[in-house]
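*Asks:* Each chain, letter by letter, is given below.
Number of protein chains: 4
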Amino acid sequence: MTLSVAVSGASGYAGGEILRLLAAHPDVEVRTVTAHSSAGQPLVAHQPHLRSLAHLELRATTPEVLAGHDVVFLALPHGQSAQYTAALADTPLVIDAGADHRLTSPDDWAAFYGGEHPEPWAYGVPELTIDGGKQREHLRGATRIAAPGCNASTVALSLAPGVAAGVIDAGDIVSVLAVGPSGAGKAAKTNLLASEILGTANPYAVGGTHRHIPEIRQALAAAGAPADGIRISFTPVLVPMARGILATSTAPIAGGASDAEIRAAWEAAYADEPFVELLPSGTFPRTADVLGANIASLGLAIDRAANRVIVVAAVDNLVKGTAGAAVQSMNIALGLAETTALPVNGVAP
Amino acid sequence: MTLSVAVSGASGYAGGEILRLLAAHPDVEVRTVTAHSSAGQPLVAHQPHLRSLAHLELRATTPEVLAGHDVVFLALPHGQSAQYTAALADTPLVIDAGADHRLTSPDDWAAFYGGEHPEPWAYGVPELTIDGGKQREHLRGATRIAAPGCNASTVALSLAPGVAAGVIDAGDIVSVLAVGPSGAGKAAKTNLLASEILGTANPYAVGGTHRHIPEIRQALAAAGAPADGIRISFTPVLVPMARGILATSTAPIAGGASDAEIRAAWEAAYADEPFVELLPSGTFPRTADVLGANIASLGLAIDRAANRVIVVAAVDNLVKGTAGAAVQSMNIALGLAETTALPVNGVAP
Amino acid sequence: MTLSVAVSGASGYAGGEILRLLAAHPDVEVRTVTAHSSAGQPLVAHQPHLRSLAHLELRATTPEVLAGHDVVFLALPHGQSAQYTAALADTPLVIDAGADHRLTSPDDWAAFYGGEHPEPWAYGVPELTIDGGKQREHLRGATRIAAPGCNASTVALSLAPGVAAGVIDAGDIVSVLAVGPSGAGKAAKTNLLASEILGTANPYAVGGTHRHIPEIRQALAAAGAPADGIRISFTPVLVPMARGILATSTAPIAGGASDAEIRAAWEAAYADEPFVELLPSGTFPRTADVLGANIASLGLAIDRAANRVIVVAAVDNLVKGTAGAAVQSMNIALGLAETTALPVNGVAP
Amino acid sequence: MTLSVAVSGASGYAGGEILRLLAAHPDVEVRTVTAHSSAGQPLVAHQPHLRSLAHLELRATTPEVLAGHDVVFLALPHGQSAQYTAALADTPLVIDAGADHRLTSPDDWAAFYGGEHPEPWAYGVPELTIDGGKQREHLRGATRIAAPGCNASTVALSLAPGVAAGVIDAGDIVSVLAVGPSGAGKAAKTNLLASEILGTANPYAVGGTHRHIPEIRQALAAAGAPADGIRISFTPVLVPMARGILATSTAPIAGGASDAEIRAAWEAAYADEPFVELLPSGTFPRTADVLGANIASLGLAIDRAANRVIVVAAVDNLVKGTAGAAVQSMNIALGLAETTALPVNGVAP
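Quick mapping for you: the protein sequence lines, in order, are chains R, S, P and B.
With the UniProt record's numbering, letter number 278 in the first sequence gets 278, and the count goes up by one each step, no holes.
With the UniProt record's numbering, letter number 143 in the second sequence gets 143, and the count goes up by one each step, no holes.
With the UniProt record's numbering, letter number 19 in the third sequence gets 19, and the count goes up by one each step, no holes.
With the UniProt record's numbering, letter number 230 in the fourth sequence gets 230, and the count goes up by one each step, no holes.
Extracted from the complex, chain R is given alone in its bound form (with noise of 0.2 angstroms):
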């Protein structure tokens, strides 16, 4: 059986992922791709990449035009997709990769996104510790799944196994990433020009401001740091590569742990997990040897000097950061093999 499938914002850079991954699902149908501006015209007018969609033409973002379908994602701006979801009552899977259903906690979201909190739906990161399990089995049967944000899932996917097992310090992390331009969006900022961009890195959102902070102390909470002792210093850093995370995460070390102990820790977190890779001791990734691919890939070193371990996270913001967690997710909620049309390998050089 074909699943008839719904995407909105499918001018932009997440949905445009969205669609590149369902066009090599075999139990899916992209039916409708909808946009804002854009609708009347053909998708590959704006996603040329398409190829194989060049049957589809956008229409407009509307409750009615996503209704009707067996899944819908929603690739749209932040505090957009509450105007849809009461229109999709009766569709078996929505799948949101914007902000609004991440956040459990009230607080959280008065303080980094304001006005009305949205219910929280299941969260789209399949392989994250979670009391003792992972957070894969909170997505079986789920119909509601809010895809992560890239930057927090990368960080979280990063430290949660330390976390966990009690060998590093939740207290005092500190994150700086450099990230590509295209986790912004594909809106005409004049900040985002490639003039801009080009042969400069830019640092932004310092000293505390972002919001995926929130959310990495929610992943790092669930998989058992204490919920009030979770403490984040966040910087990500622009550099000009249109996608990818390079994320090095830093946490002391707890509770005298060994090395092999501390290393134990994500083995047996990420042995069996098809899309988190621990690489050999010594040898850390490149965002280039994850690009298209839904992979996180982790280089993990222990610092004595330092007191701290470090973890070397790399990921590609659309994919697994976006996209590929949300299909992921998809196929995990449906009951379908979760590694459907999902890439392990990269597109390198």
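If you are wondering where the hints come from, they were derived from the structure by calculation, not from laboratory data.
Because the structure is a prediction, the values reported are computed rather than measured.
Certain hints may be false.
Pairs count within a copy or across copies, as identical chains cannot be separated in the list.
SDA-like mimics (lysine to any residue), calculated; alpha carbons at most 25 angstroms apart, straight line [said to hold, decoys possible]:
{"hint": "1", "residue 1": "134", "residue 2": "227"}
{"hint": "2", "residue 1": "189", "residue 2": "79"}
{"hint": "3", "residue 1": "189", "residue 2": "281"}
{"hint": "4", "residue 1": "189", "residue 2": "283"}
{"hint": "5", "residue 1": "134", "residue 2": "36"}
{"hint": "6", "residue 1": "189", "residue 2": "226"}
{"hint": "7", "residue 1": "189", "residue 2": "282"}
{"hint": "8", "residue 1": "189", "residue 2": "36"}
{"hint": "9", "residue 1": "189", "residue 2": "38"}
{"hint": "10", "residue 1": "189", "residue 2": "37"}
{"hint": "11", "residue 1": "189", "residue 2": "279"}
{"hint": "12", "residue 1": "189", "residue 2": "280"}
{"hint": "13", "residue 1": "189", "residue 2": "137"}
{"hint": "14", "residue 1": "134", "residue 2": "224"}
{"hint": "15", "residue 1": "189", "residue 2": "254"}
{"hint": "16", "residue 1": "134", "residue 2": "41"}
{"hint": "17", "residue 1": "189", "residue 2": "258"}
{"hint": "18", "residue 1": "134", "residue 2": "37"}
{"hint": "19", "residue 1": "134", "residue 2": "105"}
{"hint": "20", "residue 1": "189", "residue 2": "271"}
{"hint": "21", "residue 1": "134", "residue 2": "209"}
{"hint": "22", "residue 1": "189", "residue 2": "25"}
Position chains S, P and B against the provided structure of chain R, taking the given hints into account.
*Replies:* Positioned in the frame of chain R, the structure of chains S, P and B alone reads:
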């Protein structure tokens, strides 16, 4: 009076940048440029952008060729300067852009470089706080100067004022740096090929192995931190820009310092410095803002939730990180106006 | 039945891309991968993005190691295939990604390569117009195939339809190509360092010396141009993108052809081709549109003021330019479905 | 005597570069900087690299604010200068960096721009061959100057010597340019986003529609080509570098010219020019070689097989292409030393 100058390593990136600055210096004449395999060729065959020096031909790097100048710049691979310094005993001023003469501690030298420990020279970062004064005083009249490591001086300038004022704790520093490949020099290495750097972020020397770590510790100890209480987690990440360092450095807030006290530490340290700028609160630098300029541009944030001060510093690794530091130090040593031939304006976009 | 395959040069860019495509091919098993200095190391030490082939170890490139497979791909530096081909006499299909077997003319070989002229093999560009048919017919059942030069096939596909239809004059072609450095391979060369490529456009082989020129002439002669009346001014320019060729090729309008006649020539040639697309009038391709895809994307303009037809072609040099052409040719030669394992969708942005 | 200067469009790329050059000019004082939506803000909020002008505040662009200076630079979107020029009747020197005053032919204006044809001003490319002399002579004492289009002046300088000497045929010129996005200005447009430019080459204005084409024709006619016999196929390609033009221009060899005669045409034209260099035979420029410099760097090849002369020219679009041309023209017009404040050395790598 015009000073005669020789520059070794003139076919490389550091040597080329020293020449770019000296070409505009009214008090010096570049009389000799030397290289290894390229000796005998015109300088512009290797530095086609240095048109005003088109009359110079590369000579072999030998003690005899370098001797007899008022000032000699050594821009050689680490470990090579020793073979020249003995022969330059009569040279009034020698400035080494390599690492050989930076470290005062034989233990640090043994741990990070190995081999015989060369004599430490005056450290070429005039603005560093040291013993309640500035490193500048140690450069006046100096005859042997060690230009700094570009990453080391960037991090040291970022944190020294807070350490000296006691408002941050040097015992748990975390620095993550986005750096361009020109800092690695012009030698042909597979991992520095354009195909390996374009479109990707590449971590290296993860886990406390980078040779600039002891240099940072040394500078912060000079600024007033307890020498055995300095701990630094240091991770550089290669990103696709030819030049530039964007260093994000964080340290715990110390001693209950107020926001005003914290900011005042940096303001006081750099208020009168021509080449270090502290940006207005809420503003952070990009590497594009300092490209080609002899400037360290700092932005400061205080994250009370994370209990950390964050300093983001942008430096052109070839200018303020290397060649500009060398020329600035030369100006001071020789009693010239410190700002001579050192641009404060960058080239952007 | 699964075919056993060996790939030499597996640590390089062309070899890596052949492996990326074959990893998704249902009819083949990559049994052997070989390299020179890296023999004995895991494949993923050199191609960390090829996770699904993590079980493979690089072996030495010797005739013995390559023998005994159903298909052997040679991705070696030019001039090296000859030493292996004799030993592979019993191998049913050998595909050379190098230049050795592309040229039919001994004079061209002598002028552009020199040394003994190797036997020409079937040319691996199925879509080329030749003698009123397609080159595809010459690949069916072929046992020895020469994959094309990436620049050569890009320009040949751009112009062959117009030449075959007599609507452009092959006597005064001008082609200028923006190309990424991966086409030059993974050897460590100073001029291919990231610092030399980032932020700059670099011409090379200016003035008629590029080795792909005779290959283009040969293809256009096969398409119907008078062999002694083909003249091409060909200039490649390295630009800062890892992959991609954006070829702008122009030729004079011939024989008073109308706009409709001109456009019809290309439409007819490529209407049924799965891997060559002609974009709608007024639309032109970007290399981003074909990244990772086995596609040559063409845009056509007619400039009456200049009396020239302009064809802009985008090709991923490693896919349709090399590895995709090789696998597509293999599919044809072996009687498999031509499109097997060859993506038409790109990875963008 | 210090001249007072006003620069409009000071928040943009062209305005910023004019300011970067003027900041080092000993004979001028930048007294007024103007912008539209950013009026009231510090200049360095938009041009953080221009530290030496940190005392300036952006004012509104109005005729009143611009009046009363010795020199006014207009760096405004095309079509906007007319509203200011009437009010600047008493200003001794006005230099327009926009297109309004470049074209002498009303027909060309109507065909490529439309609307009322503004008065043509003295064309700001001093080195162009014109009527057996140089355009420089027409700039001495000029009171109204049109700075050139960056692509147009690059191509015109590439070919004018050969046209003037009769050794190339202007009737079949082909120019393809790799250009950086800063030439398109700082306006927020989706197609200029970093995600759309990074890692890709993007052609635009294909097929004879670019507005610089009539400007090139005009310059070559002035150099001696028959006005109705100039034909140019012109294709610009956006590539991922913030600045720079790498123009490959070819034209048929004319009149049986010998290699020596051809090369002599360019040598004679530029032998005494401080800002146009002809590289040695076999050598070609990169845009990196001219970054930040007021230089047009040319390499010349003669391809007898193609019967064409190829000129590869590298120009920094913001310097020699715009701001440098403007300041150089100002120097000439005012009788200052032509080379004042104009760097010949670039910033590389």
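*Asks:* Check each numbered hint against the structure and report the violated ones by number, ascending.
*Replies:* Going through the list in order, the structure violates hints 5, 6, 13, 15, 16, 17, 18, 20, 21, 22 and respects the others.
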